[in-house]
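2 protein chains.
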Amino acid sequence: MATKVIVVGGGFAGLNAAKVLARNPQVEVLLLDRRNHHLFQPLLYQVATAGLSPAEIATPIRSVFSDFPNVRVLMEEVRGIDRQAKSVTTSSGSHDYDYLIIATGALHSYFGHDEWENFAPGLKTVEQATEIRRRILFAFEEAEKINDPHLQKEWLSFVIVGGGPTGVELAGAIAEISRTTLEKDFRHIDPAQTRVLLIEAGPRLLAAFDESLSKRASRDLERMGVQTWTRTRVTEVTEDGVRFGGESVRARTVIWAAGVEASPLGKKLSTPLDRSGRVIVEKDLSLPNDPHVFVIGDLAAFEEKPGKYLPGLAPVAMQEGRAAGRNILLDLKGRPREAFRYVDKGIMATIGRRRAIMEVGKLRVGGILAWYAWLFIHIFYLIGFKSRLFVFMQWAWSYLTFKRGARLIVDKDWRLTKG
Amino acid sequence: MATKVIVVGGGFAGLNAAKVLARNPQVEVLLLDRRNHHLFQPLLYQVATAGLSPAEIATPIRSVFSDFPNVRVLMEEVRGIDRQAKSVTTSSGSHDYDYLIIATGALHSYFGHDEWENFAPGLKTVEQATEIRRRILFAFEEAEKINDPHLQKEWLSFVIVGGGPTGVELAGAIAEISRTTLEKDFRHIDPAQTRVLLIEAGPRLLAAFDESLSKRASRDLERMGVQTWTRTRVTEVTEDGVRFGGESVRARTVIWAAGVEASPLGKKLSTPLDRSGRVIVEKDLSLPNDPHVFVIGDLAAFEEKPGKYLPGLAPVAMQEGRAAGRNILLDLKGRPREAFRYVDKGIMATIGRRRAIMEVGKLRVGGILAWYAWLFIHIFYLIGFKSRLFVFMQWAWSYLTFKRGARLIVDKDWRLTKG
Chain A
196 MATKVIVVGG GFAGLNAAKV LARNPQVEVL LLDRRNHHLF QPLLYQVATA
246 GLSPAEIATP IRSVFSDFPN VRVLMEEVRG IDRQAKSVTT SSGSHDYDYL
296 IIATGALHSY FGHDEWENFA PGLKTVEQAT EIRRRILFAF EEAEKINDPH
346 LQKEWLSFVI VGGGPTGVEL AGAIAEISRT TLEKDFRHID PAQTRVLLIE
396 AGPRLLAAFD ESLSKRASRD LERMGVQTWT RTRVTEVTED GVRFGGESVR
446 ARTVIWAAGV EASPLGKKLS TPLDRSGRVI VEKDLSLPND PHVFVIGDLA
496 AFEEKPGKYL PGLAPVAMQE GRAAGRNILL DLKGRPREAF RYVDKGIMAT
546 IGRRRAIMEV GKLRVGGILA WYAWLFIHIF YLIGFKSRLF VFMQWAWSYL
596 TFKRGARLIV DKDWRLTKG
Chain B
196 MATKVIVVGG GFAGLNAAKV LARNPQVEVL LLDRRNHHLF QPLLYQVATA
246 GLSPAEIATP IRSVFSDFPN VRVLMEEVRG IDRQAKSVTT SSGSHDYDYL
296 IIATGALHSY FGHDEWENFA PGLKTVEQAT EIRRRILFAF EEAEKINDPH
346 LQKEWLSFVI VGGGPTGVEL AGAIAEISRT TLEKDFRHID PAQTRVLLIE
396 AGPRLLAAFD ESLSKRASRD LERMGVQTWT RTRVTEVTED GVRFGGESVR
446 ARTVIWAAGV EASPLGKKLS TPLDRSGRVI VEKDLSLPND PHVFVIGDLA
496 AFEEKPGKYL PGLAPVAMQE GRAAGRNILL DLKGRPREAF RYVDKGIMAT
546 IGRRRAIMEV GKLRVGGILA WYAWLFIHIF YLIGFKSRLF VFMQWAWSYL
596 TFKRGARLIV DKDWRLTKG
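Respectively, the protein sequence lines represent chains A and B. So for the first sequence, this note's numbering puts the first residue at 196; every next one is plus one. So for the second sequence, this note's numbering puts the first residue at 196; every next one is plus one.
Be aware that a few hints might be false.
Intra- or inter-copy, both count: the list cannot distinguish identical chains.
Below, a list of computed lysine-lysine pairs in the DSS-like style, where the Cα atoms sit at most 27 Å apart [unchecked claim]:
1. 281 x 340
2. 340 x 199
3. 379 x 214
4. 319 x 607
5. 348 x 500
6. 598 x 500
7. 528 x 340
8. 540 x 607
It is worth saying that the hints were derived from the structure and are not from the lab.
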């Protein structure tokens, strides 16, 4: 009889686990995801800043497994997990498993201030990316209409909270749009008057990188017109701005790129979690007392060295996914499981046109070389031949013309508006 | 002093009028549109059926006029028109004009049953196209989950109301998706079991075409798996289906491609309208008693021959736009205006892969030749080099692989969903 594996989550971790398992026809894979698409999240900021269309960085999960009849994909949310009975409950019923792989990732967190979300969307989903795109483009449209210079300044002020890679990418892209893409398109405002403020609570941007690269990124952002405020903690977000203790800034567009918290599914497993809600896993990526349940990706807390846990990065998630899949296949062959070992290929962040930073072991690179490396790697990893080619051409076109191809303001309501 | 021209509406008519006027630096053009983008509406059904991304058929209006400093674009809705004072009121204030060009087009109409819209969206905007795409793709996802064969059949039933070009295009595309694109992607359902029903109140499909072509289109649709019901009038649309007098069909996805009514702005002009709310215009496209106000495009009722009015087609709108612009420039030169003459280049409709019909004067063509003509003309007319190239490649890719590039289910709400 076939071995039943349920994979929850079609992100980098879950997709890679399912791919490994799909090749063995004795395994029946059921892949569950709330959404119908796998998202290439490292490029989501490009959708939010009108550089790419959502479809260019997303693939229907089921089309990834077209050729694997032993993989079934359902667009469903998991309601409960019963580890005793080895079954998963969803809205459409319950599904039994021999092995369960959980890879539901992380959400952004407002540190207990969920009411800020309305004024400061985060960037994790396609919906959020198009909402941010709508807000950025709409702000310029409003500013063009307004005569009051103070109000105009509010609309031309953009605050990005969080100086990690996403915050840096967003800040850089907004500065570039305002200074190049939109330059000739407005009559009443000077888009170059745009104020882009990048706020970081810690002492420096991009804390995961070496300090020299972090400094270089700050300088690059400055040159592009981004103002960086470090050691600044947000205490309130409202419709028209942000407060930082005693200081405050008026801005109509605020974007949240600060906190991350683990998917709430971890809490349903009744197993130890770390401080940020991640599930603590064994060396083989399974739960401490349940070798039939694996947790991988951003939801997993894997201790690489004593006290040092792997960060929530796409390469970690992909490698963990493949490792969990392989360990199940080893079980089926009656061979011992392998302990997971992360092969660190380095980290990189892009800042803007021809500006990026890269850190591989002791090697630290900034500038145009790092940017080309970033470009190459991101195009290479985009799933599916088509996306890769299209994204590349879209970029080539943007690069040559300084234009952005997806400058659409799309309303939230689709209904007919009469009158 | 510069002559002030206000153009309301950035569709085919308004955009072409503004382009003609933009070339004369003595004219100051103010272009008002509720949306920030010009939409290539003839291809909107491709967005609704996951073939193209919204950005591939839409261009920011203001980027069309980047190089014309005498054109100002505002994203605004017109609230009122005062023809005595020669001014237009919007949310941001009032704007004076010497000439006013109104090109706000048409909406779809539910013949007094606006409550049907929730269950049967129409196809005029990007928002509606992505909503229809969401419903079509979601229906297949639901059917894959369900075990009840009756409920499954409801989810796999698609009703398109209206047998004009849009209805035919949608029905053909949905049939193709279900029979080719999705074929290998589902395990539990056979997407080829999809029921696509095209409903037309009149005696035949595509009434604007010669009867022979209309028959050919019906046969082509039949071969593709579309069931056509003519002389069938919808009497009720609900969440789970459609009623036609005594008959009824259960279907979870209903799309409205039936009625069209003129934009409500026509009523604010206090000038004679025709039965469907269109504004009756003079030979020069201006209002009967007001040579300073032009109405063009789908909102205009232009009497070509006694009792025969021009239809609401993109080529009519484009030609009217250019003619209205030229007539204003003739005024400025002190020369007499020209009467508008529509140069009929024929009509065409696409049915599916290598299937289309075309009627040019006495020439009637069906099949692959008409399809290539349709393809060529639509790519050619797409505004902007980039869109043209990208759309062509997207199509080439879809054609070769039978895939569709934009199969995204995007939610209406962008907010974080926890738990």
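A quick look at each hint next to the structure:
Within a single copy, residue 281 and residue 340 get their C-alpha atoms only as close as 60 Å, which misses the 27 Å cut-off; across copies the closest is 20 Å, which meets it. For the identical chains of this complex, residue 340 and residue 199 are inter-copy neighbours only, at 17 Å across copies versus 59 Å inside a copy, given an alpha-carbon limit of 27 Å. Only between protomers do residue 379 and residue 214 lie at most 27 Å apart by alpha-carbon distance; the minimum there is 17 Å, versus 47 Å within a single protomer. For a Cα distance limit of 27 Å, the shortest separation of residue 319 from residue 607 qualifies both inside one copy, at 18 Å, and across copies, at 15 Å.
For the homomeric pair residue 348 and residue 500, neither the shortest alpha-carbon distance inside one copy (49 Å) nor that between copies (55 Å) is at most 27 Å. In this assembly of identical chains, residue 598 and residue 500 lie within 27 Å of each other by CA distance neither inside one copy nor across copies; the values are 46 Å within and 45 Å between. In this assembly of identical chains, residue 528 and residue 340 lie within 27 Å of each other by CA distance neither inside one copy nor across copies; the values are 68 Å within and 32 Å between. In this assembly of identical chains, the alpha carbons of residue 540 and residue 607 never lie at most 27 Å apart, being 40 Å within a copy and 38 Å across copies at closest.
Of the numbered hints stated above, those contradicted by the structure are hints 5, 6, 7, 8, listed in ascending order.
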